[in-house]
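Participant: The listed protein sequences correspond, in order, to chains A and B. Counting in my numbering, the first sequence runs from 1 upward without gaps. Counting in my numbering, the second sequence runs from 115 upward without gaps.
No lab work stands behind these hints, which were simulated from the structure alone. Since the structure is predicted, the reported quantities are computational estimates derived from the model, not experimental observations. A hint or two may mislead.
Stated by the list, open to error - No farther apart than 25 Å at their CA atoms in a straight line, the calculated lysine to any residue pairs in the SDA-like style are these:
#1 B:K171 - B:H143
#2 A:K101 - B:T168
#3 A:K101 - B:D152
#4 A:K101 - B:T129
#5 B:K185 - A:Q45
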Amino acid sequence: AQSVTQLGSHVSVSEGALVLLRCNYSSSVPPYLFWYVQYPNQGLQLLLKYTSAATLVKGINGFEAEFKKSETSFHLTKPSAHMSDAAEYFCAVSRPEYGNKLVFGAGTILRVKS
Amino acid sequence: NAGVTQTPKFQVLKTGQSMTLQCAQDMNHNSMYWYRQDPGMGLRLIYYSASEGTTDKGEVPNGYNVSRLNKREFSLRLESAAPSQTSVYFCASSGLAGGPGETQYFGPGTRLLVL
């Protein structure tokens, strides 16, 4: 079975600092990987996804993530945090043999301090 | 173009009551999904429908039923609500029937409280 682990349920950064949210997956076969963001009292919105093309994936709002097969990781980064980045972030995985069903990590709440 | 819409936005039920959560999408997507979100557990798949006329169980189907009414609408029914079903419920849709790597588009959610 596939699974996703997000390290750190809460991450706090200062405005302008680097954002790093960690995601590791368990799969013997490279999966499809996603990062979604959820702003308070809203649904989930896709930030970016990896579908076996370039290993460095750029998303919306200045976020990017790098697929590292050797580390089974797909960490999300942003060079400079903005107050508007405060939200909950979810890493998710899917594999073709499981159809298009997503398996989500537990989520990481990002707090941005002024 | 409203995307994925859900009704109601918020509901309070007593234990044993029944209710149906409604979901509709206007993107002509084939696949639709129901998830529940609980603190510290991410989103877990309840049921999904790869195409009109088909439904399948997800990770946590017990206590729920679904109906794919047509291509646009996918409803979730709680026949006899329990406090353990207190959660936020999200509906999602995606374009192809089970295509890998597809983006799922989410509705705004329904907050359900079962007393």
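Participant: The structure should be examined with respect to each hint, and the outcome stated for every one.
Facilitator: Evaluated hints:
Note on B:K171 and B:H143: the hinted pairing holds, with a Cα-Cα distance of about 19 Å set against a maximum of 25 Å. Simply put, A:K101 and B:T168 have alpha-carbon atoms about 15 Å apart, close enough for the 25 Å limit, and the pair holds. The straight-line distance between the Cα atoms of A:K101 and B:D152 is roughly 18 Å, inside the 25 Å bound, and the hint therefore holds. Distance restraint check for A:K101 and B:T129: the Cα-Cα separation of roughly 30 Å exceeds the 25 Å cut-off, and the hinted pair is therefore not satisfied.
Taking the CA atoms of B:K185 and A:Q45, the gap is about 22 Å. The hint holds against a cut of 25 Å.
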